[in-house]
Amino acid sequence: MDHKSIINLLFDRDESALAQIQRQYGNLMRSIAFNLFKSDTVVEECLNDTLMDIWNTIPPEEPASIASYACMLIRRRTIDRVRYENAQKRARPEGSEYTEACEELLLLDDISEEIVDRLDLSRIINEFLADQSRTNREIFISRYYDFEPLDSIAARLHLSRSSVGTRLFRMKNSLKEKLEKEGVEV
Amino acid sequence: MTNHERFLDAMNGIDEGFLQTHIRKKCPTGADRAKRYAMAAGIYAAAIIAVAVILPFVIRHGEDPKPIPGDDPVVAESSADRTDEPEVRQIDVADIDAKYNGTDPEKQSDKVTLDEVKAIISAARQAYAEYDVIVLTDGTLLPTKAKLQDLDVELNELYEHERNTLFEEYDEYFNNVFTVIEEMLDIRFPDNSRYERDDPENYGLPGMYAMNLADTGFATAGELANAGDDVYAEWIMTDLMNAKTVHYFDSNSTEDETELLYPTAEEFEIWQAVAVWRAIKELPMTTHEVTTEPPEETTEPPTETTTTTAPPPPETTTTTTTTPPPETPITPIPETPTSPLPEAPTSPESEITTTKAVTTTLPPENPTPPKTIITFAPVTYPPVTTAAPLVPVGENAVHVHYGYNNPEGWDNISEPYSPRPKETYITFCNCVLKITIDKTNYLKSDTKAVVTVTLRNNGSQSVGLRQSLIYYGPPMEDKSHLIDDVKYSDGKSTIISFAEGYYAKYGLIQPYETITLTEEVDLSVFDYDAPWTVTATVHFIPEPTMDNRAFPTEADAAKVRTAVLEVELPHTDPPPVEYPSVEHETDMERYTLTLDKTHYTKGDVIDATMSLEKFEGYYDVLHPFHNDRYLLDYLEFYEDGVLKESYRIPYDNGFEIKDYYEFYRGDKVNFKALFSTENASPDSKWVIKAGFRIGMSFNLNYIELEVPHD
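For the protein sequence lines, the chains are A and B, in the order given.
Positions 1 to 186 (my numbering) are the ones given, in order, by the first sequence.
Positions 1 to 710 (my numbering) are the ones given, in order, by the second sequence.
Derived from the structure by calculation, the hints contain no laboratory data.
Each hint should be verified, as a subset may be incorrect.
[Said to hold, decoys possible] Pairs of lysine-lysine residues, derived as DSBU-like cross-links and limited to a Cα-Cα distance of at most 30 Å, are as follows:
| no. | chain 1 | residue 1 | chain 2 | residue 2 |
| --- | --- | --- | --- | --- |
| 1 | A | K4 | B | K26 |
| 2 | B | K672 | B | K644 |
| 3 | A | K172 | B | K25 |
| 4 | B | K685 | B | K672 |
| 5 | B | K26 | B | K614 |
| 6 | A | K38 | B | K439 |
| 7 | A | K38 | B | K614 |
| 8 | A | K38 | B | K444 |
| 9 | B | K668 | B | K597 |
| 10 | A | K178 | B | K25 |
| 11 | B | K644 | B | K685 |
| 12 | B | K26 | A | K178 |
| 13 | A | K38 | B | K668 |
| 14 | B | K25 | B | K145 |
| 15 | B | K668 | B | K614 |
| 16 | B | K597 | B | K644 |
| 17 | B | K26 | A | K176 |
| 18 | B | K444 | B | K614 |
| 19 | B | K614 | B | K25 |
| 20 | B | K444 | B | K668 |
| 21 | B | K25 | A | K4 |
| 22 | B | K614 | B | K597 |
| 23 | B | K672 | B | K597 |
| 24 | A | K38 | A | K172 |
| 25 | A | K176 | B | K25 |
| 26 | A | K38 | B | K448 |
| 27 | B | K25 | A | K38 |
| 28 | B | K614 | B | K689 |
| 29 | B | K689 | B | K602 |
| 30 | B | K597 | B | K444 |
| 31 | B | K672 | B | K444 |
| 32 | B | K668 | B | K689 |
| 33 | B | K672 | B | K602 |
| 34 | B | K672 | B | K689 |
| 35 | B | K689 | B | K644 |
| 36 | A | K172 | B | K26 |
| 37 | A | K38 | B | K26 |
| 38 | B | K668 | B | K26 |
Start from the sequences and build out the full structure, keeping to the hints where you can.
In structure tokens:
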């Protein structure tokens, strides 16, 4: 079933749309959630919450792509869950790529928070991604949007793991420079 | 909220187009993939045709006369007029290429070639070695004091003598040489120079991709891995300039680094030197290796003796690397040669007096250590004696170690049967960080390892500790995590322990205080083939008055020192028995058929297992004209080509693909069947055949295996 048909079902308040989304994009959504939280139970909870979010927000929302919309929602849901668990110290999301990604991005903390507060981060990230090659963009999004492990990215893109790591390292430095530059201009 | 968390949140707002492209790439439809393969094949064919047509033309017209090396008059070597001063040889950076490569700037094209870049690198290094001063484009005089060949002499002794001086020299050498290379590339290739790839590229075809990446050797060439993309000279320069940084980033896989950073073995020397430089310069940690022998001083009489009985306490092994505080330079402890340990008597009720650790070998039938009274010779510190653990070695012997504490208060017995050849530790702020593992070797059957991480303050002053960087909770005002960053890793996955409950009150560890964290590590989640490590990290605060919360001020954060301790969890299993097996592998999946015995006789039951493992892609198109989507089809037993017994798997125990993405990369399905050989003739040929239903065609794939029998 194509994107348009699913949106139409949602607008008609037909619950089969959710089943269809789960069938077509369930594994994609699960993979994002599982990268963030290595627990099948939590992943299923987040998936269900996301389906509920989709049901509640469409309509009035009419996303251009139901897949990317669903990915965005489950990503947000699972990150919130990871942070909640971390803050409460209820359970450790062991093996979570979120922790790894946070450690990788610690260099951004060198920039003053006041400066970052003033920046339009989404715009800067989009400009930054637009400047990247297609492969680099794919790596960056896979790592920091999907939280995909480096090994998996490397296997999928037929690169060596160190090559993926190197590219990410350069991109992070480049992003940091861009943020610093934008911060000065602001 | 920290910056990196804000950044991760802001990633939610990335452009819809980027996301859709990403999702298409991650989950391509069958049509997408077919299109990509077709396009790649077309480009490849076009390239072959183009080369075939253009090559003869190039050969006929490409014979430009090369300028004569050394003919260029612009090489400016200063000749000193005064004979009483040594001659200073200097060269302009703009002239190096002409001098060593005979390049004529007027006749060069704008096209960047790999060979030319390599020649420039080589010339830069040569000029740096031969001249005293290089004049840069802005007129700066660059003295070439630090020569690589001089530095190499001391390379082997790097960890023992004058390291700090050598770091600076290496630093200077590489900075200088890279500056020269950068300027030469800048002069030779203007900004609009183009590096054109010889071969078309499409990352959907891994073979082509690998070939081209290897050909170019530069990471950036691979980065723009799409047909028609050009790589500009500035990219190549950036790569060269970033070489040091890249090495710093990933030091684990040297093969990849070599392939990634340097085109040929010519650059291996630089790579090696950079790697050494990187290890020393970028990680200014001091590692001291000490032997098991204490200083041989005899000012105090022995105060204790120990009678050892089994089971003794676990073996202690310690490896520590720390960053020393700036105001407290650490004096390296000189390594002393390890002499063989004396043999302990194995007879009961014996006695021995020694200044060294003792080892003995016990028969396997009686592995309990004898009641040996060991008296250690007088030393300057309280010789608290300790019995080290039983260490099973092979099948025929059990080794026992006895030893005593070293001046720092820790066991230091590891030779000669420890999995680590030497103990390495250092005191930091008079503290010692230690990891103890309960076994010297873990087998596959071991489900857990008991790991003890200990921090002890051996000094007379309290030491401030800081909370973990990865702790996200609210600041703790009166206490700080002690060992708050313990990781168990198999190289692929890492389990992080927050060591909850193990605190230092008020963020301080008091003099002679010891705090211990003991945890059971679940080994079942680790990859047995990968190295396992336990890492403990402690953040020290040199000034007790500093803010010890997780996120202190920048000024305070800069003063924090970190001690990292890493210990390997050794794990080796006896080699497994190899059962008869046949395996067929395509670029997408692996088919396997395995038997349960190496040899069969009439009457035995053949336990055959077939399996299918998907390691690339997923099945989104499977049996397009069939309703069923079974992967495993049948297991059959043939005798001289005659079918004797058969399991039709969809009916007996099928594995149906129920969903669009059900059988994904990493998935594996098995089916096991038992075949009786009661009625089989020993003279006939026995064959097990396994059938699979894979792929887009109607053809069923099968593999077969002859059963070895009497």
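Right, here's what the structure says about each hint:
For the given pair, A:K4 sits about 21 Å from B:K26 by alpha-carbon distance, which is consistent with the 30 Å threshold. Between B:K672 and B:K644 the CA atoms are separated by roughly 17 Å; this keeps the pair inside 30 Å, and the hint holds. About 22 Å separates the Cα atoms of A:K172 and B:K25, which keeps this hinted pair within 30 Å; it holds. As the CA atoms of B:K685 and B:K672 are separated by approximately 21 Å, the hinted pair is consistent with the 30 Å bound.
In summary, the hint linking B:K26 to B:K614 is supported, as the alpha carbons are separated by about 16 Å, within the 30 Å threshold. Restraint check: the Cα-Cα separation between A:K38 and B:K439 comes to about 29 Å, which is no more than 30 Å; the hinted pair holds. Distance restraint check for A:K38 and B:K614: the Cα-Cα separation of roughly 22 Å lies within the 30 Å cut-off, and the hinted pair is therefore satisfied. At most 30 Å may separate the alpha-carbon atoms for a hinted pair to count; A:K38 and B:K444 meet this at roughly 23 Å.
Pair hint B:K668 plus B:K597 holds up; C-alpha atoms about 22 Å apart against a cutoff of 30 Å. Under the criterion of a C-alpha separation no larger than 30 Å, the hint pairing A:K178 with B:K25 is consistent with the structure, at around 27 Å. Restraint check for B:K644 and B:K685: satisfied, since their Cα atoms lie roughly 12 Å apart, inside the 30 Å limit. Note on B:K26 and A:K178: the hinted pairing holds, with a Cα-Cα distance of about 28 Å set against a maximum of 30 Å.
Distance check on the hinted pair: A:K38 and B:K668 sit about 20 Å apart at the alpha-carbon level, within 30 Å; holds. With a C-alpha separation of about 52 Å, the suggested pair B:K25 and B:K145 falls outside the 30 Å cut-off, and the hint is violated. Our distance criterion of 30 Å between C-alpha atoms is met by B:K668 and B:K614, whose separation comes to about 6 Å. Note on B:K597 and B:K644: the hinted pairing holds, with a Cα-Cα distance of about 20 Å set against a maximum of 30 Å.
Taken as a hint, the B:K26 and A:K176 pair is honoured in the structure, with Cα atoms around 27 Å apart against an allowance of 30 Å. A hinted pair counts as satisfied when its Cα atoms are at most 30 Å apart, and B:K444 with B:K614 qualifies at roughly 25 Å. Taking the CA atoms of B:K614 and B:K25, the gap is about 19 Å. The hint holds against a cut of 30 Å. For the hint linking B:K444 to B:K668, the alpha-carbon distance of about 21 Å falls within 30 Å, and the restraint holds.
For the hint pairing B:K25 with A:K4, the CA-to-CA distance comes to about 20 Å; that is within 30 Å, so the pair holds. Only pairs whose Cα atoms come within 30 Å are accepted, and B:K614 paired with B:K597 is accepted, the gap being roughly 26 Å. As the CA atoms of B:K672 and B:K597 are separated by approximately 14 Å, the hinted pair is consistent with the 30 Å bound. A C-alpha spacing of about 26 Å is found between A:K38 and A:K172, which places the hinted pair at or below 30 Å, so the restraint holds.
Between the alpha carbons of A:K176 and B:K25 the distance comes to roughly 27 Å, so the proposed pair stays at or under 30 Å and holds. In summary, the hint linking A:K38 to B:K448 is supported, as the alpha carbons are separated by about 20 Å, within the 30 Å threshold. About 24 Å separates the Cα atoms of B:K25 and A:K38, which keeps this hinted pair within 30 Å; it holds. Only pairs whose Cα atoms come within 30 Å are accepted, and B:K614 paired with B:K689 is accepted, the gap being roughly 20 Å.
Annotation: proposed proximity of B:K689 to B:K602 holds, straight-line Cα distance about 19 Å (limit 30 Å). Of the supplied pair hints, the one linking B:K597 and B:K444 holds, its CA atoms being roughly 21 Å apart against a limit of 30 Å. Our distance criterion of 30 Å between C-alpha atoms is met by B:K672 and B:K444, whose separation comes to about 23 Å. With a C-alpha separation of about 19 Å, the suggested pair B:K668 and B:K689 falls inside the 30 Å cut-off, and the hint holds.
Pair hint B:K672 plus B:K602 holds up; C-alpha atoms about 20 Å apart against a cutoff of 30 Å. For the given pair, B:K672 sits about 12 Å from B:K689 by alpha-carbon distance, which is consistent with the 30 Å threshold. For a cut-off of 30 Å, the pair hint linking B:K689 to B:K644 stands: about 11 Å separates their Cα positions. For the hint linking A:K172 to B:K26, the alpha-carbon distance of about 22 Å falls within 30 Å, and the restraint holds.
Among the hinted pairs, A:K38 with B:K26 is consistent with the structure: their alpha-carbon atoms are about 20 Å apart, no more than 30 Å. A hinted pair counts as satisfied when its Cα atoms are at most 30 Å apart, and B:K668 with B:K26 qualifies at roughly 21 Å.
Hint compliance for this structure: hint 14 is the single one not met.
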